[in-house]
Every structure is written in structure tokens, then in C-alpha cells.
Amino acid sequence: MSFTTSFLQTAVVTDFPVLPYIGGALGLTTFAALVMLFRPLLTGIVRALVLVVRPHLSRDEKAARRHMRDAQLFQRMINASQGPNDVAELRAMAARG
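Number 93 in the numbering used here belongs to position 74 of the sequence shown; there are no gaps in the numbering.
For the record, the hints were derived by calculation from the structure and aren't laboratory data. Remember, predicted model here, so these are calculated numbers, not experimental data. Glycine residues also receive a C-beta, built at the ideal position from the N, C-alpha and C atoms. Among these hints, one or two may not hold up.
Claimed, not checked - Cβ-Cβ distance ranges computed for the label pairs, FRET-style: (1) Arg84 <-> Arg110: 17 to 27 Å; (2) Thr23 <-> Leu70: 43 to 53 Å; (3) Asn104 <-> Leu68: 46 to 56 Å; (4) Arg78 <-> Glu108: 25 to 35 Å.
All chains should be modelled from the sequences, with the hints used to inform the complete structure.
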């Protein structure tokens, strides 16, 4: 006798509902197989949704952010400097670009 036949006979004798568990396992296996089959498509959809929510910045926007960040950095350095020579030197560095 095969394992399945003996298992089902034992389940009938013990009054244990086996078919819902077999159906659930079969459904879960089918779902996992479909996810694996369509993984590239699902990955592309997720990446497209991420771009809709948080789009990439253009080159000009990135340059503007970098320029603003550098200006803020120089301003913090000027505020933290102690002597007038340091301030003049930092302003000269900021003017260079």
C-alpha cells in the first residue's frame, strides 16, 4: 500500500478532516509556483510603483541640491570658525565653487 492510501484510510478511521489541509497545501503550492513563474513581471511592477511614489531627480535637481548642501556646509563652517582669517578663507573657498 502506498503512503497516501494508508494515510487516507487512517484519517477516515480517526475522523480527522484531511481534505481541507490537502487543499490548502495544494493552493499554497500553486500560489508559490505562480509567484516564482511571474517573478520578473512582479519585480518590474514593484519597481515601477516605487518610481511613481519616489521619482529619480534630474541632473539639474541633483546639482542644485549638491550646491545647496555645500553652501550650508560652508555656512556652518563659517559660524563655527573662531577668527576673522578663518572666515575670510572659508568665504574665498566658497566663492571658488
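Just tell me: holds or violated, for the beta carbon distance of Arg78 and Glu108 against 25 to 35 Å? 31 Å, holds
For the pair Thr23 and Leu70, does the Cβ-Cβ distance stay inside 43 to 53 Å? 48 Å, holds
I want to verify a distance hint. Is the separation of the beta carbons of Asn104 and Leu68 within 46 to 56 Å? 54 Å, holds
Indicate whether the distance between the beta carbons of Arg84 and Arg110 respects the range 17 to 27 Å. 22 Å, holds
Every hint from the earlier list agrees with this structure, and none is contradicted.
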